[in-house]
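*Asks:* I would like the entire structure built from these sequences, with the hints used as guidance.
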Amino acid sequence: MKNSLLFIVLITISLVSCNSPKETLLYVGTYTGGDSEGIYCYGFDSKTGQLTSKFVTPNRENPSFLALSPDQNYLYAVSEVKESPQIDSGSVTAYRIGKSGELEKLNQKATKGYHPCHVTVSPDGRFVVASNYSSGSLSFFRVENDGRLSDSFQQIQHVGSGKDSIRQTAPYAHSALFDSSGELLISADLGTDKLEFYRYDKGVGQFEPAEQAYVAMTSGAGPRHFAFAPDGQFIYVMNELNSEVSVLAKDGETFERIQSLSALPEGFEGISYGADIHVSADGRFVYSSNRGHNSIAVFSRNDDGTLKLQETEPVQGDWPRNFALSPDGRFLLVANQKSNNVSVFQVDPATGALSYTGQNLEIPEPVCLTFWVK
1 MKNSLLFIVL ITISLVSCNS PKETLLYVGT YTGGDSEGIY CYGFDSKTGQ
51 LTSKFVTPNR ENPSFLALSP DQNYLYAVSE VKESPQIDSG SVTAYRIGKS
101 GELEKLNQKA TKGYHPCHVT VSPDGRFVVA SNYSSGSLSF FRVENDGRLS
151 DSFQQIQHVG SGKDSIRQTA PYAHSALFDS SGELLISADL GTDKLEFYRY
201 DKGVGQFEPA EQAYVAMTSG AGPRHFAFAP DGQFIYVMNE LNSEVSVLAK
251 DGETFERIQS LSALPEGFEG ISYGADIHVS ADGRFVYSSN RGHNSIAVFS
301 RNDDGTLKLQ ETEPVQGDWP RNFALSPDGR FLLVANQKSN NVSVFQVDPA
351 TGALSYTGQN LEIPEPVCLT FWVK
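Going letter by letter, the sequence shown gives residues 1 to 374 in our numbering.
One or more hints might be untrue.
[What the hints assert, rightly or not] Once the Cα atoms are required to be at most 20 Å apart in a straight line, the calculated PhoX-like pairs of lysine-lysine come out as: (1) 374 <-> 105; (2) 54 <-> 374; (3) 112 <-> 82.
[Stated by the list, open to error] Distance ranges between label pairs, derived from CB positions: (4) 269 <-> 218: 17 to 27 Å; (5) 306 <-> 353: 14 to 24 Å; (6) 43 <-> 105: 15 to 25 Å; (7) 150 <-> 266: 26 to 36 Å; (8) 73 <-> 50: 19 to 29 Å; (9) 282 <-> 181: 14 to 24 Å; (10) 218 <-> 179: 16 to 26 Å; (11) 355 <-> 219: 32 to 42 Å; (12) 256 <-> 220: 18 to 28 Å; (13) 123 <-> 308: 22 to 32 Å; (14) 161 <-> 56: 37 to 47 Å; (15) 204 <-> 124: 33 to 43 Å; (16) 254 <-> 43: 23 to 33 Å.
Please keep in mind that the hints were generated in silico from the structure rather than gathered at the bench.
From a predicted model like this one, the values you see are computed outputs, not experimental measurements.
Just so you know, even glycine gets a beta-carbon here, dropped at the ideal spot from N, CA and C.
*Replies:* Here it is as structure tokens:
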């Protein structure tokens, strides 16, 4: 009888443990020229969307963009500066994430390029890639077993320019992402109007141009960020300079551009620049941010991968940079750099439409939002 009761108690504890809600944290990368102290961390209530302050990891070198390792054990942050202290370039810092989400600095490595504005991690966690905006180059690092970064073992220098005589006088690497297989690395260059494709050559231990070296955007478009459809058959590119979203479709082993459409409402005549872009987990909707118009554009996806603009939702702030969908897709959070706030919106699962929750968190110069689930 005692054994039976003990068994029931153990089963009950196990079920409660399995069904207990996971803790979700939000890391916020910032610019530190003003009041920001570094990387901010908040608890996130997945039921209400409410944010609760946790801690700040000191870093006064513009830790503007963040990326998590696939196993969620490490976080990597760029230092978007021309030169980090004792380093003659920008840099990337590796952090170990503790049980409560606290960040322990592991090491910091030079990118050998100026103003790295984006960082990404390969799906297998072996490589970290930084995009150096001012240098128009990519920097590659190997990840050690303990999450530390190696010295940069390779730099790829982009070449070219675009038609904009102010913003496209040289290459400006703005972001890079691996596809889900980890075999293909794609880089968006605002200065050259290209998405450039690379593959890792195990024989030489370097990244080399892929069979399809690039896809060109509309002249003067200025590709900034991009996102994959869940099935990997489409890429959605947010072009900064003309505020258009371009759709790339996969045909065999190559991609081709099949559509470009404005992320701004018809008739808008002000100044606005595209910023970030994300696809919903179910692949039904695409979202992008407009700086100037200060909105999130909501697109529905057609069966052929093309898009239709449904609405533009005001962000309740000024200059929306990056934004993030919550892990369950129920909320969308926006980092508004110039108004120093993060605004929270609820997502309608049927239509993709956004509705402001009334929650507005004050954070100095927020740039990048990254969720972590314990």
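*Asks:* Hints first: check each against the structure and report whether it holds.
*Replies:* Right, here's what the structure says about each hint:
For the given pair, residue 374 sits about 19 Å from residue 105 by alpha-carbon distance, which is consistent with the 20 Å threshold. Straight-line distance between C-alpha atoms of residue 54 and residue 374 comes to about 14 Å, which keeps the hinted pair within the 20 Å bound. Annotation: proposed proximity of residue 112 to residue 82 holds, straight-line Cα distance about 10 Å (limit 20 Å). The beta-carbon spacing between residue 269 and residue 218, approximately 20 Å, falls within the hinted interval of 17 to 27 Å.
A beta carbon spacing of about 19 Å between residue 306 and residue 353 agrees with the range 14 to 24 Å that was offered as a hint. Distance hint check: the CB atoms of residue 43 and residue 105 are about 22 Å apart, consistent with the given range 15 to 25 Å. Distance hint check: the CB atoms of residue 150 and residue 266 are about 50 Å apart, inconsistent with the given range 26 to 36 Å. The hinted window of 19 to 29 Å between residue 73 and residue 50 holds, with their beta carbons roughly 26 Å apart.
Under the hint 14 to 24 Å, the C-beta atoms of residue 282 and residue 181, about 21 Å apart, fit the expected range. Here the CB-CB span from residue 218 to residue 179 is close to 23 Å, well matched to the stated 16 to 26 Å. Distance hint check for residue 355 and residue 219: the Cβ-Cβ separation is about 37 Å, which falls inside the suggested range of 32 to 42 Å. Take residue 256 and residue 220: their Cβ atoms lie about 20 Å apart, and the range 18 to 28 Å holds.
Checked against the hint of 22 to 32 Å, the C-beta distance between residue 123 and residue 308 comes to roughly 31 Å, which is consistent with it. As the Cβ distance of residue 161 to residue 56 is approximately 40 Å, the hint placing it in 37 to 47 Å holds. Between residue 204 and residue 124 the beta carbon distance is about 19 Å. The supplied range of 33 to 43 Å is therefore violated. One distance hint, 23 to 33 Å for the beta-carbon pair residue 254 and residue 43, is violated here, with the actual separation near 44 Å.
The structure shown violates the earlier hints numbered 7, 15 and 16.
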